[in-house]
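Peer 1: Chains as they are written, first to last, in our numbering: chain A, 1 to 113; chain B, 1 to 112.
One should not assume that every hint holds.
[To be verified] In silico DSBU-like pairs for lysine-lysine, Cα to Cα no more than 35 Å straight-line:
1. Lys9(A) <-> Lys68(B)
2. Lys69(B) <-> Lys9(A)
3. Lys14(A) <-> Lys49(B)
4. Lys99(B) <-> Lys9(A)
5. Lys9(A) <-> Lys109(B)
Read the hints as simulated data drawn from the structure, not as lab findings.
Since this is a predicted model, take the numbers as computed values, not measurements.
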Amino acid sequence: NAGVTQTPKFQVLKTGQSMTLQCAQDMNHEYMSWYRQDPGMGLRLIHYSVGAGITDQGEVPNGYNVSRSTTEDFPLRLLSAAPSQTSVYFCASMGQGNTGELFFGEGSRLTVL
Amino acid sequence: AQSVTQLGSHVSVSEGALVLLRCNYSSSVPPYLFWYVQYPNQGLQLLLKYTSAATLVKGINGFEAEFKKSETSFHLTKPSAHMSDAAEYFCAVGSGTYKYIFGTGTRLKVLA
């Protein structure tokens, strides 16, 4: 039972570098999302998607891009990393019906120097 | 706009004591409310959810929460804490727009 798989688990970048955090789910969920978790700030929604070809912004979208070409995958791209993007990133998916039950990956810890 | 406030970033209880984690919400429409738990180095998992059915909601691991509209609260309780309950707990609110807003979290410590 893979569920939601995130890669890489850890990454160190230099300011200005680009990278992509990968997220894949095998539950045929239409909804996928990206959150960042920072101490004392909880989880904040970056972007989300309600199906292939459809994406929308969350609370903190600046500096991040997403695309949804397949139901299974929802990559998060940082085009020019900044130290303020140092965080733990979580991908989450949800099945049909907007039930509110999000299934989370184990997280990707990103450090930007 | 929706928001969630969790009172107390850290809560300590003795093993066997009552657990009470507080959550207040703000929503312009009838809310969906959730509690999630996060164990160290893991993602979040759903404990329980309120979606306008019964106001007292029972979840996994003996936790329950009561929706009180007059107080705009959705506090999480467990009658008797166990060492394995030590984790971080997040309250979240949704309204059917697919934007789920999380609180800042409460870290529960259980003392032997």
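Peer 1: Which hints, by number, does the structure contradict?
Peer 2: 1, 2 and 3
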